[in-house]
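**Student:** Those sequence lines, one after another, are chains P, Z and Y.
When we follow the working numbering, the leftmost residue of the first sequence carries the number 908, and every step to the right adds one.
When we follow the working numbering, the leftmost residue of the second sequence carries the number 25, and every step to the right adds one.
When we follow the working numbering, the leftmost residue of the third sequence carries the number 509, and every step to the right adds one.
Derived by calculation from the structure, the hints in this document are not laboratory data.
A virtual CB, placed ideally from N, CA and C, is assigned to each residue, including glycine.
Mixed in with the good hints there might be a few duds.
Derived list of chain Z stretches under chain P, where covered just means 3 residues or more per stretch with a C-beta under 8 Å from a C-beta of chain P [stated by the list, open to error]:
id, segment
1, 88-96
2, 168-177
3, 234-240
4, 315-324
Beta-carbon label-pair distances, calculated as ranges [unchecked claim]:
id, chain 1, residue 1, chain 2, residue 2, range
5, Z, PRO184, P, LEU1036, 40 to 46 Å
6, P, SER1069, Y, ALA674, 50 to 56 Å
7, Y, LEU868, Z, LEU228, 31 to 37 Å
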Amino acid sequence: MNDVAVILAGFVAATVRISTPLLLAATGELVAERAGVINLGVEGAMLAGALASAMGAATAGPWAGVLAAVGAGLLVAACFSAVAIAARADQIITGTAITLGTIGLTGAIYRSAFGAAGPGLSIPTFAALPVPGLRQIPLLGPALFEQSALTYLGWILVPLASWFLFRSWWGLALRASGESAEAARANGVPVRRLQILATLCGGALAGLGGATLVLAQVGTFAEKMTAGRGFIAIAIVVLGRWHPRGVLAAALLFGAASALQFALQAMGLSAPYQLFLGLPYLIALLALAGAVGKGRARAPAGLGR
Amino acid sequence: MRAERSPLLTAGAAIVAGFGALLLGLLIAGYDPLLAVGALWRGAFGSRDALISATLVRAVPLIVLGLAVAVAFRAGALNIGGEGQFYAGAIAATWMGMHLGGWPAPFAITAVWLVATVAGAGWIAFAVLLKLRFGVLEVISTLLLNFVAEAAVSYAVTGPLQEAQRVYPQSEPIAEVARLPLLPGSRLHSGILLALVLAALLWLILTRTVWGFRLRAVGLGPRAAWVSGRISPQRVTGFALLWSGALAGLAGGLEVSGVSYSLYQNLSPGYGFTAIAVALLARLHPLAIVATGVLFGGLEAGAQGMQREAGVPAVTVAAAEAVIIITVLLADVLARRQVRSRVDTLERESA
Amino acid sequence: MSEAPVLELHGITKSFGSVQALRGADLVLTAGEVHALLGENGAGKSTLLHVADGMLVPEGGQIRVHGREVVLRSPRDARAHGIGMVHQHFTSIGTLTVAENIALAVGRRGCRPDSGLLERMDLHAPVESLSVGLRQRLEIVKALFTGAKILLLDEPSAALAPGEVAELLALVRRFASEGGAVALVTHKLPEVLSAADRVTVLRNGKVTLSAPVEGQSRDSLALAMLGTPASRNVETSEASAPPPSELPTLRPSEVCRLGHIVIHAGEMVGVAAVEGNGERELLRSLAGVTGGGPVPALEEGSVAFVPEDRSTEGLIPAMSVAENLVLGLERDPRWARGPRLDWSAVRRHASRLIEGYGILASGPEAAAATLSGGNQQKVVLARALEGRPRVLVAENPTRGLDLRATAYVHEQLRGAARAGVSVIVYSSDLDEVLELGDRILVVHQGQVSEAPRGADRQVVGDLMLGIQRAR
């Protein structure tokens, strides 16, 4: 009985931990997509953020790492914006190219900064930051409220993004840009500028997501370590129906799918670990079919144009 | 994609920009750029052996995957899952190849290629189904399927296809009869001939047949193809994606039957993505893809040389590929604007 | 009413290329009045309105707001002077709610809502769920919320049902009675007579009448609009257009059916309509290209369609002239050898058509994008006719073409009819319809009726506007 409780608590904690980078990156991508921009460069921005956070944290502590990660994410998003929004090249191919380029660049920088083998990189990471009071809740308390500061940041961003998108004029203007750039312009909205800002915001949050991966989850950097989490974030946005709360739920679902592995191991059940490697992506695909197919979710009408 | 002005000029500019970016990146990352580029050249084209056994060997999958990308892009569908279809083909080819002992070689090889092709098409069929039935963007679905394929490879080489000792994460080698003959004294396999034939064939299909015409029409003007040509864009893009997946799967089969003889993780160093650069730089022209495929094969081979001799990670060349893709995109934007302004002028004059 | 004018436009001139849209037009609005702006298609009413809105900058003339001369360079300038425009095309975003659309239009520095304007409107409903009438009302409400005191309405009733029109006019009247000034562009004479205080009529870019509505009649207004007196005693035969799902009732046989209207081989049928009355849907269902779905069960090649939008629907600009000339005909045995396409045969065919139709192109290999509008249309027509159709449906086939190209297109259409093709041609230019059609069909609010043989433009015009005259 007690075992079950322990396993369950561990499962919830792992779910939350794994979902945090996804939540951050997906919230950023949500803002960009609401403005009508689909940025496949989030994967690149996350990876750049991960490397920058590792380097920053190794030099000046975890908060410097966070700052560096945000900067790196912004830089990647700026490259994307210049090509895909300012020059209006195809967003999909641009995003793919940006991600490809980031993979190359991070690989080169990582090897030159940490040596070819990248040995035991010691990076100061974020310790769990227990929330006094709440962590006393039996079972879920320690699972939910003994997380890193970045996790809480991700949670705060959900209502914040909701408020911005649905309660502020600029959020309204941003959504209008994503639905119909022409009509938004007729209403006096600076569409192109908003789209660039939204994309930059997405890049910054993706960078933060990468930092979370390094500083609060893995504790080190490895080449291509994001392993498609940026693309999963895009799927999460669709699955979350372009809504911050939906994105939170979808991110938790993916976190749970990955955390299942640990729970099953703890229960002494064995399944090939590759199942859990592929599972989130398969879930994403099936969820996309369900989310898009039933017509309940609707992408911003001007997405990708 | 009918190139408006000299496509060679664009390609040249893109290559120069790519190399510029590579040099800059090397400088930023703190390497000696001249040493690195020298190593790159020697590894790619510096000797007969480098050219044939390194560059051309890598050019084969890049050409076939480049053709796969071109088929889809020409129809206006973006298949970013070449990597996944490649792996699907490789898994199927390995499984088939492992069970062909005693077959006559031509049949064995044909069988390996066939299952690889079918596996690639089957892999993308999932994305096609999601697109046509549920409206899921093929970009996202093909992309996500890449990761599923990688997990599947990882499972295969530690599970059902693992070598007999069960030590190494790689498959049992395929039967001798299923292996492609090599050019004597080199590692270049006869699959390169198939790549050339496929390029010529695709060129003929695109330019000389009713199907190719419809495919190009849908890619260049889906509304007009439907309203004026009564061509169903959905049907055409669906089939184009299936053929694209089939080609990518075949590329995986070629790699297994001609180079690796067994399956393991990271069999592809990102060929599926490099192929996008290969195809775009060739302006989606099948014959030009042969040339750009060799060029990028050289880049991949040279990258290994660079890693060996100058300690620069091979993955760095991905940055150069990205810059090449983006340069081509920007050149297209420029060409589109020129055409538009010319048409505007004509409209004004005729109004 | 003898109040000082709030908006004056004097001697406005504006031309587009060689077309002189306004030749010294005047419009004077005073507070408290609804001022109707009347005229045919192309008379210059919308142009004049866009000048007042700052969307178009005139070449000559004067604009005064409250007696002071102003220069309006953009809609934003106009807004600063209290001028609000309601466009023919809605600028609301369907997926956003009513409240959101209003907030978007108002901008960050909001304006206090007058809740009376919003009666019966669910603020939290997405705009796309509203009826067309309510959407139109919302457009006006948005303009009022931005603090407009001068309201410019461009054919607000074009797409509305009669009941909705009445509500709209009531809203407009109320705004005027509270001291606002309204300019209302319309086609519809009853609206003018019932709702407007003053009327200005434009013909060919010039004002032909500007007077209080009191004392005007349909006949006097029609005379000012058309330059010819109205006709009387019209008998019409009516048929309702079948609902879109049942279309096409067209059978690819010798005749073409539309309700009980039967079109025979070799007939040239003109379709007249005020835009937005369902004429587009009618043509497209006849041509079998309504949705993106599968091709309806029509015999292949029996109906040819000349769409209005050449660059996205008629042609593939990035493809060559030769390729465009065989689009949809790629299976033709003249060049299809099984799956193989014989390009030399296609090129020969293209060269023949380029010569035969006088297409100005550097050759069959030239990209269609490099052709002028007239020559692009020749390509579309040549392809349509060479497909040997039984029925040819043409949608505004001369839009944007010069006189010579227009004459050429007309000649081709007539030639096709002489050769036994049933030609159905719609044009937003009534004169063109009258010139081409042996018979005239009129689409009004989704209803198709046939004008009597030999009907003049007045009779057809009345049908288009839905005016019923006593026998």
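**Student:** Does each hint hold? Answer for all of them.
**Tutor:** Results of checking the hints against the structure:
Coverage of a stretch by a chain is defined here by at least three residues with a beta carbon nearer than 8 Å to that chain's beta carbons; for the segment 88-96 of chain Z and chain P the count is 0, and the condition is violated. Proximity of the segment 168-177 of chain Z to chain P, defined as three or more residues with a beta carbon under 8 Å from a beta carbon of that chain, is established by the 8 residues found. Counting residues of the segment 234-240 of chain Z whose C-beta sits closer than 8 Å to any C-beta of chain P gives 0, which falls short of three, so the coverage hint is violated. With a threshold of 8 Å between beta carbons, the proposed coverage of the segment 315-324 of chain Z by chain P is violated, since 0 of its residues qualify and at least three are required.
The hinted window of 40 to 46 Å between PRO184/Z and LEU1036/P holds, with their beta carbons roughly 45 Å apart. Our hint of 50 to 56 Å for SER1069/P and ALA674/Y is violated, since their Cβ atoms are close to 42 Å apart. A C-beta distance of roughly 32 Å is found between LEU868/Y and LEU228/Z, which places it inside the suggested range of 31 to 37 Å.
Figure legend: structure checked against the earlier numbered hints; hints not met, in rising order: 1, 3, 4, 6.
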